[in-house]
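Novice: So the chains spell out like this:
Protein chains: 2
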Amino acid sequence: MRVTKRVTIADIAEKAGLSKGAVSYALNGQPGVSESTRQRVLRMALEMGWHPNSAAKALSGARAGAFGLVMARSPDTLGIEPFFMKLISGMETAMAASQTALLLQVVADHDMEIATYRRWWAERRVDGVFLIDLRRDDRRVPVLEELRLPAMVVGGPGHHGTLPGVWIDDAGVMVVVVEYLAALRHRRIARVAGVAGMLHTELRTQAFDEVSARLGLESTTVTTDYTPDQGAQATRRLLSAASPPTAIMYDNDVMAVAGVSVAHEMGVDVPGELSIMAWDDSVLCEIVHPPLTAVDRDITTYGTHVAEHLLALLDGQQVSDFENAPPRLVVRGSTARPR
Amino acid sequence: MRVTKRVTIADIAEKAGLSKGAVSYALNGQPGVSESTRQRVLRMALEMGWHPNSAAKALSGARAGAFGLVMARSPDTLGIEPFFMKLISGMETAMAASQTALLLQVVADHDMEIATYRRWWAERRVDGVFLIDLRRDDRRVPVLEELRLPAMVVGGPGHHGTLPGVWIDDAGVMVVVVEYLAALRHRRIARVAGVAGMLHTELRTQAFDEVSARLGLESTTVTTDYTPDQGAQATRRLLSAASPPTAIMYDNDVMAVAGVSVAHEMGVDVPGELSIMAWDDSVLCEIVHPPLTAVDRDITTYGTHVAEHLLALLDGQQVSDFENAPPRLVVRGSTARPR
DNA sequence: AGTCTCAACTGATCCGGTTCAGTACCTCGC
DNA sequence: GCGAGGTACTGAACCGGATCAGTTGAGACT
Numbered sequence: 005m006r007v008t009k010r011v012t013i014a015d016i017a018e019k020a021g022l023s024k025g026a027v028s029y030a031l032n033g034q035p036g037v038s039e040s041t042r043q044r045v046l047r048m049a050l051e052m053g054w055h056p057n058s059a060a061k062a063l064s065g066a067r068a069g070a071f072g073l074v075m076a077r078s079p080d081t082l083g084i085e086p087f088f089m090k091l092i093s094g095m096e097t098a099m100a101a102s103q104t105a106l107l108l109q110v111v112a113d114h115d116m117e118i119a120t121y122r123r124w125w126a127e128r129r130v131d132g133v134f135l136i137d138l139r140r141d142d143r144r145v146p147v148l149e150e151l152r153l154p155a156m157v158v159g160g161p162g163h164h165g166t167l168p169g170v171w172i173d174d175a176g177v178m179v180v181v182v183e184y185l186a187a188l189r190h191r192r193i194a195r196v197a198g199v200a201g202m203l204h205t206e207l208r209t210q211a212f213d214e215v216s217a218r219l220g221l222e223s224t225t226v227t228t229d230y231t232p233d234q235g236a237q238a239t240r241r242l243l244s245a246a247s248p249p250t251a252i253m254y255d256n257d258v259m260a261v262a263g264v265s266v267a268h269e270m271g272v273d274v275p276g277e278l279s280i281m282a283w284d285d286s287v288l289c290e291i292v293h294p295p296l297t298a299v300d301r302d303i304t305t306y307g308t309h310v311a312e313h314l315l316a317l318l319d320g321q322q323v324s325d326f327e328n329a330p331p332r333l334v335v336r337g338s339t340a341r342p343r
Numbered sequence: 005m006r007v008t009k010r011v012t013i014a015d016i017a018e019k020a021g022l023s024k025g026a027v028s029y030a031l032n033g034q035p036g037v038s039e040s041t042r043q044r045v046l047r048m049a050l051e052m053g054w055h056p057n058s059a060a061k062a063l064s065g066a067r068a069g070a071f072g073l074v075m076a077r078s079p080d081t082l083g084i085e086p087f088f089m090k091l092i093s094g095m096e097t098a099m100a101a102s103q104t105a106l107l108l109q110v111v112a113d114h115d116m117e118i119a120t121y122r123r124w125w126a127e128r129r130v131d132g133v134f135l136i137d138l139r140r141d142d143r144r145v146p147v148l149e150e151l152r153l154p155a156m157v158v159g160g161p162g163h164h165g166t167l168p169g170v171w172i173d174d175a176g177v178m179v180v181v182v183e184y185l186a187a188l189r190h191r192r193i194a195r196v197a198g199v200a201g202m203l204h205t206e207l208r209t210q211a212f213d214e215v216s217a218r219l220g221l222e223s224t225t226v227t228t229d230y231t232p233d234q235g236a237q238a239t240r241r242l243l244s245a246a247s248p249p250t251a252i253m254y255d256n257d258v259m260a261v262a263g264v265s266v267a268h269e270m271g272v273d274v275p276g277e278l279s280i281m282a283w284d285d286s287v288l289c290e291i292v293h294p295p296l297t298a299v300d301r302d303i304t305t306y307g308t309h310v311a312e313h314l315l316a317l318l319d320g321q322q323v324s325d326f327e328n329a330p331p332r333l334v335v336r337g338s339t340a341r342p343r
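Residue numbers (this note's numbering), protein chains in the order written: chain G, 5 to 343; chain F, 5 to 343.
Honestly, the hints are just simulated from the structure, not real lab data. Check the hints yourself; a few may be wrong.
A pair counts as met if it fits within one copy or between any two copies, since identical chains are not told apart.
When the alpha-carbon atoms are kept at most 25 Å apart in a straight line, the in silico DSS-like pairs for lysine-lysine are as follows [to be verified]:
# : residue 1 : residue 2
1 : K61       : K9
2 : K24       : K61
3 : K61       : K19
4 : K19       : K9
All chains should be modelled from the sequences, with the hints used to inform the complete structure.
Specialist: So this is what it looks like as structure tokens:
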């Protein structure tokens, strides 16, 4: 049916010969109306094309019907990383079922991010938020705790205070990855890491150091800002050393691709002389030559879990930390036994 | 100042010894209060950490304070394309200034997208929407017209009915690009296009055909679904022809990169035997070997313009169609005079 | 027959803003 | 010294839902 005027419960009430209150009870599954009346009201609401005015609903104490996500990154970095879009679409899968919208804000830094949380809270604009890119001793965590704004932290474990977190076990898969490289007889391995201070970067580095020490490997870690440019520079520096590594792991796909280009430019054969691996699989890893061995994390499902947990938190359920399904190693042509 | 309870205008009114109405006038720059009172109220509001409850504001006839963006694409496709994130961050630049939030929804198809518009309209959740991925004879356009939901179409010209559109002149830059290839002495050129039915795909194809006919070039267009896989297949088919093209243009960066890989795999030298170009520049184009010549569109600014126009539309201003700054050709190592 | 109970519903109030119809007071002109 | 006109404000209604204290009427029980 074509609707050209917004329908309110008052309209339904008048048409049904009931009071607004009764209609409200009927539509919300509350007791206080007979089953036959409820069905009649529901049918009429559907026919008349009624949807609750979200503002009125939010104002009368219920929920705002929205979750917030602030991304404190430069537009360029965001554009490159498929991570966020996958995470977002995973979240929406869970949120669609409970009529919750996603409010997105892109800001420059954590100060603006915190200001956004304060404003959203004061405006009652969101029922909860997702915190991403967790850092060690993250300043945003105490703010959300103080505001008592329901929040799910995408990342961990650790450094998320009393806020519940959902994370992927990077440390566990790091062990698998390094053991795999060691089994291929790599003795000198390097890691081109993302931004220092990001918790997942540090957790990966820590796991990398521990497992390579245990296996008696020579290991190096270089930190970058995730851009392919710095990835390329780091690769050049690593390959120019007296005894260069025979395997390099990159913290994202674009840096790994940049690494392949540098190897090519320096006449280093991949994977003959140098094995290359990417963290986070993507089509990018498949289309370059040679295709890249990668750690594949199911980010869409990750997003769905995070959103489900936030919904549960609002329902007053006890939400504890949660570890997502472990990533898996996808072996392609860029890793081999070194010559 | 630390705020732990939400402040309302009633709180300010009480503290200032005024009525709610006077406070509202003062805060909104409306006449009806003295300048000294206005300043006093503004100062108190700031001190007390007041922000208007968005629901109350929306309910009392004003705006919802949000724009909506629906993306009807698969999560995977979204993840690859840096386009959307750049567009979004550009939009937010304009929207931040007028305290407007962005509501994001990822859906599977146009039916769900249309349902989302109807729901948002009935819920009064958004003040306006951005329509992306315009198709010819787009079904979504009449729905938005019928709902009288303010909308800005990202794309055009044409096929956006009475809705105002903002677009980038792809046809114009296509002339530049093909003339450039012709000047390099390419006589057989091909185009690996995106999804058929998308207006920008068709406009580019049309311009491509016209200008290559005018210059007496042999031209071929293959349509794909934007995925690197189909880009690779199209490239294989083109290069296997009796007289293969000496230059191929791809409608996005990932397909172009896939094309380079295929050329490499088939032993075709780039740019010696084959020139490759990408539409939409990105870091990806810079990091592959050879770096790709690309058409660079300023998408962030594009997004800012679109949002500014939607804001103007809501202000009751007459908003007409608008053509964004033309893209520019960034020449890198993947294009050359054919051997 | 009277009372008690409960289901089914009504009417009013509230949420936090905006806005409109008044009202008190001041100033000005004659 | 009185009305006109304007400024600075108050009080109440309103937006569209949720919710709570009552009200009504039917059926059960004594």
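Novice: Give the relationship of K24 and K61 under a CA distance limit of 25 Å: within one copy only, between copies only, both, or neither.
Specialist: both (14 Å within a copy, 22 Å between copies)
Novice: Taking 25 Å as the upper bound on the Cα-Cα distance, should K19 and K9 be classified as within, between, both, or neither?
Specialist: For K19 and K9, the Cα distance is within 25 Å only inside one copy (15 Å; across copies 41 Å).
Novice: Evaluate K61 and K9 at a C-alpha cut-off of 25 Å and name the case that applies: within, between, both or neither.
Specialist: both (19 Å within a copy, 20 Å between copies)
Novice: I want to check one pair: K61 and K19. Are their C-alpha atoms no more than 25 Å apart within a copy, between two copies, both, or neither?
Specialist: within (21 Å within a copy, 29 Å between copies)
In summary, this structure violates none of the numbered hints.
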